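J.: Chains as they are written, first to last, in our numbering: chain A, 31 to 391; chain B, 5 to 278.
Calculated from the structure, these hints are not laboratory results.
Check before you lean on any hint, since a few could be wrong.
To be verified - Calculated Cβ distances over 10 Å to all of chain B for the following chain A residues:
#: 1; residue: GLY70
#: 2; residue: ILE235
#: 3; residue: LYS333
Said to hold, decoys possible - Computed footprint of chain A on chain B, listed as stretches where at least three residues anywhere in the stretch have a Cβ under 8 Å from a Cβ of chain A:
#: 4; region: 25-39
#: 5; region: 161-174
#: 6; region: 216-225
Said to hold, decoys possible - Using 25 Å as the maximum straight-line C-alpha spacing, the simulated SDA-like pairs for lysine to any residue come out as follows:
#: 7; chain 1: A; residue 1: LYS121; chain 2: B; residue 2: ILE166
#: 8; chain 1: A; residue 1: LYS94; chain 2: B; residue 2: VAL259
#: 9; chain 1: A; residue 1: LYS94; chain 2: B; residue 2: VAL81
#: 10; chain 1: A; residue 1: LYS121; chain 2: B; residue 2: ILE174
#: 11; chain 1: A; residue 1: LYS124; chain 2: B; residue 2: ILE192
#: 12; chain 1: A; residue 1: LYS124; chain 2: B; residue 2: LEU134
#: 13; chain 1: A; residue 1: LYS121; chain 2: B; residue 2: PHE188
#: 14; chain 1: A; residue 1: LYS94; chain 2: B; residue 2: ARG172
#: 15; chain 1: A; residue 1: LYS127; chain 2: B; residue 2: LEU193
#: 16; chain 1: A; residue 1: LYS94; chain 2: B; residue 2: ILE192
#: 17; chain 1: A; residue 1: LYS173; chain 2: B; residue 2: LEU76
#: 18; chain 1: A; residue 1: LYS173; chain 2: B; residue 2: ILE166
#: 19; chain 1: A; residue 1: LYS124; chain 2: B; residue 2: ALA15
#: 20; chain 1: A; residue 1: LYS121; chain 2: B; residue 2: ILE169
Bear in mind that the values here come from a model prediction, so they are computed numbers and not experimental data.
In this text, a Cβ means the ideal position worked out from N, Cα and C, and glycines have one as well.
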Amino acid sequence: MEFDGERILDGINLYFNDHEFLTLLGPSGCGKTTTLRIIGGFLTPTSGRVLFDGECINDVPAYKRQINTVFQRYALFPHLDVYGNIAFGLKVAKLSKEEIHERVQDILAVVGLKGYEHRRIDSLSGGQQQRVAIARALVNRPKVLLLDEPLAALDLRLRKDMQNELKRIQQAMGITFIYVTHDQEEALSMSDTVVVMDKGRIQQIGKPEDIYNEPKNAFVADFIGESNILDGVMLADYKVKFFGRVFECVDKGFAPNEPVDVVIRPEDIDFVPAGEGHLVGTVTSVTFKGLNYDIIVDFRGFKWLIQTTDYHGEGETVGIRLNPEDIHIMHKSEYSGMFGDYSSYSAEYDELTEDVADEEE
Amino acid sequence: MKKNKSILLSAPYILWMLLFTLIPLGVMVFYAFTDPDTGAFTLGNLRDLGLFLPTLGTSVWYSLLSAIICLLLGYPVAYFIAHRGAVAQKILYMLIMLPMCMSFLLRTLAWVGLLETNGIINVVLGKLGLGTVEAIGTSGAVILGMVYNYLPYMILPLYAIIVKIDNRLIEAAEDLGCNGLQVFGRVILPLSVPGILSGITMVFVPAVSTFYISQKLGGAETMLIGDIIEKQFKTSNNPNLGAALSLLLMLMVLVCTGIMNRFGGEDEEGGVVV
Chain A
31 MEFDGERILD GINLYFNDHE FLTLLGPSGC GKTTTLRIIG GFLTPTSGRV
81 LFDGECINDV PAYKRQINTV FQRYALFPHL DVYGNIAFGL KVAKLSKEEI
131 HERVQDILAV VGLKGYEHRR IDSLSGGQQQ RVAIARALVN RPKVLLLDEP
181 LAALDLRLRK DMQNELKRIQ QAMGITFIYV THDQEEALSM SDTVVVMDKG
231 RIQQIGKPED IYNEPKNAFV ADFIGESNIL DGVMLADYKV KFFGRVFECV
281 DKGFAPNEPV DVVIRPEDID FVPAGEGHLV GTVTSVTFKG LNYDIIVDFR
331 GFKWLIQTTD YHGEGETVGI RLNPEDIHIM HKSEYSGMFG DYSSYSAEYD
381 ELTEDVADEE E
Chain B
5 MKKNKSILLS APYILWMLLF TLIPLGVMVF YAFTDPDTGA FTLGNLRDLG
55 LFLPTLGTSV WYSLLSAIIC LLLGYPVAYF IAHRGAVAQK ILYMLIMLPM
105 CMSFLLRTLA WVGLLETNGI INVVLGKLGL GTVEAIGTSG AVILGMVYNY
155 LPYMILPLYA IIVKIDNRLI EAAEDLGCNG LQVFGRVILP LSVPGILSGI
205 TMVFVPAVST FYISQKLGGA ETMLIGDIIE KQFKTSNNPN LGAALSLLLM
255 LMVLVCTGIM NRFGGEDEEG GVVV
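Input sequences plus hints: build the corresponding full structure.
T.: Structure follows, in structure tokens:
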């Protein structure tokens, strides 16, 4: 896919299974919305094909596809009330008045908006508008529902509720959901399959657990959760060397002495008294996060993030132990060296990734 | 203190309204209810209004027809402009505005030169051997003059509304199964209603009270209410009847715009079904 000669999507090869909840996850400008718009029929790819039940639908206009979309910021019709918005697709399809009424009532019950039929759109809260947008799409009983950052405009609490709601609706109605978000937590908690994208390319496809536990490269490791990413050398199967020390690990299949990226999740690291540790470092900062402390430890100038419920004060010398299953090895990639160093750590790191959804993708 | 300040700020406007709107209105009402000869209170002027109802009817009819023709001509133009790039939009907008920078009188007189019996159009037609048309002095010429003069007042509000329609709504309609025509009928047109109503008002109101266009382009049978009012003041020397006619015209315009706004407010159900 290209815009003005600039390549926006490259080599996107995706399979969507029936009744699956699939999420396209990535930072702003990664091409996830573009991918969605191609599936929805609002963009025609410059090359490549979109297949639906085995048939190429590149030239099928949006209005003929058995796909409906929940748009970013909903795009509800301001000149129609709740009922008019939800019934819109059914009226276009020229269903009988009775059937329209019945289906609208059913879907209103599903999204919990019974009694709101004749409310004006601008009198609804963000969460209610969101439900109308979902109802307006679902009432047409599409085979595939596309959702473009549908929860981005809602506050945290409402977002959590709606996540559960969406998952429940998806399972109850047995519709394939293709969901676009930049929120990794949302992606992990709702999806059957997560597709991590960056720079117009698919970085990794997999189940949420696999994406989290077995990231393919430094980008995925950093984007999904927090990661300490270190340079290492794979000496042999199950043996990796970093920080001048050989560690046992559970990975194999690398070339002898291959340079690799080593990922260590902050929550997998255990503190031990300084004398018993594999590595010994100095605590440089401690932030209370509610569930845990975020502790930054300096190991020979490389700063690690460690999440723990044990308190260690600033300036304290601590030791850590790494178990083989805590160490994950990745091949080197174009992202090596870009992520996973907490030297410029600030307490707001996780808020930074929650930037407002972008529109121009 | 705060209240005093706001009064002070609005004083120039209040003064302006008082001097040039309220007092003249009062004078007009006073004249409408006084006898031209004795200056005593009378309802005689109102009784005479009955004579001019047919003329008023003609005025309303011509103006409505002009407004509708302006809408039919103006909507596609406004739609076209609203869907150009930013630069093209500015240029086209300027082009629509341009005729409004020229004198209204001049523009109407130009049509006289075009339409009159030995005018440019007839000369050209004659040279081509197509005969001549007697356009000047007909109701068609009057309506043409109205449409020509007031068309920009239709296009501009329509453009302002259409350009603001969110493209996502159009995509949403396509997503829900609308083809191009259905998108227009179910989304774009209903959302243009405020522009249509203000366009019709902006054309209808000046057209219904015009006298110059009908004097220059029309004939004896295309006399409009504006002509009659003008005549009362200028030649018949009966400002009292003129005032009564003006009052009637004003009330009629108020009623018409009131009905139109009402119609706009009721459009919640929305949608011309295609």
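J.: If a hint holds in the structure, say so; if it does not, say that too.
T.: Verification of the supplied hints:
1. GLY70: It is violated; A:GLY70 is separated from chain B by about 6 Å at its closest Cβ, not greater than 10 Å.
2. ILE235: holds, 26 Å
3. LYS333: holds, 44 Å
4. 25-39: violated (count 0)
5. 161-174: With 3 residues close enough to chain A, the hint holds.
6. 216-225: This one is violated; 0 residues, fewer than the three required, reach chain A with a Cβ under 8 Å.
7. A:LYS121 x B:ILE166: Given that 25 Å is the threshold and the Cα spacing comes to 24 Å, the pair holds.
8. A:LYS94 x B:VAL259: violated, 46 Å
9. A:LYS94 x B:VAL81: Cα-Cα ~29 Å, so violated.
10. A:LYS121 x B:ILE174: holds, 16 Å
11. A:LYS124 x B:ILE192: At roughly 19 Å apart (the allowed maximum being 25 Å), B:ILE192 and A:LYS124 satisfy the hint.
12. A:LYS124 x B:LEU134: Measuring from Cα to Cα gives roughly 52 Å; hence the hint is violated.
13. A:LYS121 x B:PHE188: Status holds; Cα separation ~15 Å.
14. A:LYS94 x B:ARG172: Satisfied, since the Cα-Cα distance of roughly 18 Å is no more than 25 Å.
15. A:LYS127 x B:LEU193: Judged against 25 Å, a Cα distance of about 23 Å means the pair holds.
16. A:LYS94 x B:ILE192: Between A:LYS94 and B:ILE192 the Cα gap is close to 20 Å, so the pair holds against 25 Å.
17. A:LYS173 x B:LEU76: Violated. A:LYS173 to B:LEU76 sits at ~41 Å, over the 25 Å cutoff.
18. A:LYS173 x B:ILE166: violated, 33 Å
19. A:LYS124 x B:ALA15: The hint is violated at about 59 Å.
20. A:LYS121 x B:ILE169: OK: A:LYS121 and B:ILE169 at ~22 Å, within 25 Å.
In terms of the numbered hints stated before, the structure departs from hints 1, 4, 6, 8, 9, 12, 17, 18, 19, listed from lowest to highest.
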